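**Student:** Chain by chain, the residues run as shown.
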Amino acid sequence: QQQVKQSPQSLIVQKGGISIINCAYENTAFDYFPWYQQFPGKGPALLIAIRPDVSEKKEGRFTISFNKSAKQFSLHIMDSQPGDSATYFCAASGGTGGFKTIFGAGTRLFVKA
Amino acid sequence: GAVVSQHPSWVICKSGTSVKIECRSLDFQATTMFWYRQFPKQSLMLMATSNEGSKATYEQGVEKDKFLINHASLTLSTLTVTSAHPEDSSFYICSAMGLAGGPSGELFFGEGSRLTVL
Numbered sequence: 001q002q003q004v005k006q007s008p009q010s011l012i013v014q015k016g017g018i019s020i021i022n023c024a025y026e027n028t029a030f031d032y033f034p035w036y037q038q039f040p041g042k043g044p045a046l047l048i049a050i051r052p053d054v055s056e057k058k059e060g061r062f063t064i065s066f067n068k069s070a071k072q073f074s075l076h077i078m079d080s081q082p083g084d085s086a087t088y089f090c091a092a093s094g095g096t097g098g099f100k101t102i103f104g105a106g107t108r109l110f111v112k113a
Numbered sequence: 114g115a116v117v118s119q120h121p122s123w124v125i126c127k128s129g130t131s132v133k134i135e136c137r138s139l140d141f142q143a144t145t146m147f148w149y150r151q152f153p154k155q156s157l158m159l160m161a162t163s164n165e166g167s168k169a170t171y172e173q174g175v176e177k178d179k180f181l182i183n184h185a186s187l188t189l190s191t192l193t194v195t196s197a198h199p200e201d202s203s204f205y206i207c208s209a210m211g212l213a214g215g216p217s218g219e220l221f222f223g224e225g226s227r228l229t230v231l
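Each protein sequence line maps, in turn, to chains A and B.
The first sequence begins at 1 in this note's numbering and counts up one residue at a time.
The second sequence begins at 114 in this note's numbering and counts up one residue at a time.
No lab work stands behind these hints, which were simulated from the structure alone.
One thing to keep in mind: the hints can contain errors.
[Stated by the list, open to error] Derived DSBU-like pairs: lysine-lysine, alpha-carbon spacing no greater than 30 Å straight-line:
{"#": "1", "chain 1": "A", "residue 1": "Lys42", "chain 2": "B", "residue 2": "Lys133"}
{"#": "2", "chain 1": "B", "residue 1": "Lys177", "chain 2": "A", "residue 2": "Lys112"}
{"#": "3", "chain 1": "B", "residue 1": "Lys179", "chain 2": "A", "residue 2": "Lys42"}
{"#": "4", "chain 1": "B", "residue 1": "Lys177", "chain 2": "A", "residue 2": "Lys71"}
{"#": "5", "chain 1": "B", "residue 1": "Lys133", "chain 2": "A", "residue 2": "Lys57"}
{"#": "6", "chain 1": "A", "residue 1": "Lys71", "chain 2": "B", "residue 2": "Lys154"}
{"#": "7", "chain 1": "A", "residue 1": "Lys5", "chain 2": "B", "residue 2": "Lys127"}
{"#": "8", "chain 1": "A", "residue 1": "Lys15", "chain 2": "B", "residue 2": "Lys154"}
{"#": "9", "chain 1": "A", "residue 1": "Lys57", "chain 2": "B", "residue 2": "Lys177"}
[Claimed, not checked] Here are some chain A residues pointing at chain B (derived, C-beta under 8 Å):
{"#": "10", "residue": "Ala24"}
{"#": "11", "residue": "Phe39"}
{"#": "12", "residue": "Phe89"}
{"#": "13", "residue": "Lys100"}
{"#": "14", "residue": "Thr101"}
{"#": "15", "residue": "Ala105"}
{"#": "16", "residue": "Gly106"}
{"#": "17", "residue": "Phe110"}
Bear in mind the structure is a predicted one, so any value in this text is a computation, not a measurement.
C-beta atoms are modelled at their ideal positions from N, C-alpha and C, and glycine is treated no differently.
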């Protein structure tokens, strides 16, 4: 119930291409869905987040698509750049868990120059 | 944006010693802080939730006597790994949530602390 399932585990994309990472959740009480970017040896940093009252949120090259009925959300990185190479984590929080954030397993993205 | 500072960023210690890691919110007051542990190429595993002025809430399987958490002020939480052993070697990350956070909200992460126990 508290899990967030993330796929793929790793992703290789050509420079300029679109990177797509998918997540699914079980707990319908979750009300906050952030994506975090983590570079090696660093802490995660918030990239973009969405709440379930909207189906899409775009910030620059990063877009979250949210499907409430399917309990799925995805991150799209347009015009992927080598500097985007990092590990991306989807997450969810809210409901009875309150502030507690549940993280997906992570996706290691490598953008080829 | 809000800044969370973690110190030290890396530490090496001998087996049996205790190590303290500090997590500070530099420009905001954090009512709630979280401590995570991350193994190489794995996700963040929540260890405990600490609220200012009260006892930390530990996740199942996390030894509270091994990992002592103190949240003495609205800007500082500490994690002490007591009697550290090589299996405690890991990347420890804290995060903080500001007073403005609602039922769920943005977390601000520290840079992490790499602990190596010899």
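**Student:** Now tell me if each hint is right for this structure.
**Tutor:** These are the hints, each one checked on the structure:
1. For the given pair, lysine 42/A sits about 19 Å from lysine 133/B by alpha-carbon distance, which is consistent with the 30 Å threshold.
2. Our distance criterion of 30 Å between C-alpha atoms is broken by lysine 177/B and lysine 112/A, whose separation comes to about 44 Å.
3. Restraint check: the Cα-Cα separation between lysine 179/B and lysine 42/A comes to about 24 Å, which is no more than 30 Å; the hinted pair holds.
4. At most 30 Å may separate the alpha-carbon atoms for a hinted pair to count; lysine 177/B and lysine 71/A exceed this at roughly 34 Å.
5. About 40 Å separates the Cα atoms of lysine 133/B and lysine 57/A, which puts this hinted pair outside 30 Å; it is violated.
6. For a cut-off of 30 Å, the pair hint linking lysine 71/A to lysine 154/B stands: about 26 Å separates their Cα positions.
7. Between lysine 5/A and lysine 127/B the CA atoms are separated by roughly 37 Å; this puts the pair beyond 30 Å, and the hint is violated.
8. The suggested pairing of lysine 15/A with lysine 154/B holds, with an alpha-carbon distance near 23 Å, which does not exceed 30 Å.
9. Between lysine 57/A and lysine 177/B the alpha-carbon distance is near 40 Å, which puts this suggested pair outside the 30 Å criterion.
10. Residue-level restraint check for alanine 24/A is violated (minimum Cβ-Cβ distance to chain B is 15 Å; threshold 8 Å).
11. Hint status for phenylalanine 39/A: violated, given a least beta-carbon distance of 10 Å to chain B, over 8 Å.
12. Because the closest C-beta pair between phenylalanine 89/A and chain B is about 6 Å apart, less than 8 Å, the hint holds.
13. A least Cβ separation of about 6 Å between lysine 100/A and chain B falls short of the 8 Å threshold, and the interface hint therefore holds.
14. With a least beta-carbon distance of about 6 Å to chain B, the hint placing threonine 101/A at the interface is held under the 8 Å criterion.
15. Taking 8 Å as the C-beta contact cut-off toward chain B, the hint placing alanine 105/A at the interface holds, the least distance being around 5 Å.
16. For glycine 106/A, the interface hint holds, the least distance from its beta-carbon to any beta-carbon of chain B being 5 Å, beneath 8 Å.
17. Of the supplied interface hints, the one on phenylalanine 110/A is violated, with its beta-carbon coming no nearer than about 13 Å to a beta-carbon of chain B, more than 8 Å.
Consistency note: the structure conflicts with the earlier hints numbered 2, 4, 5, 7, 9, 10, 11 and 17.
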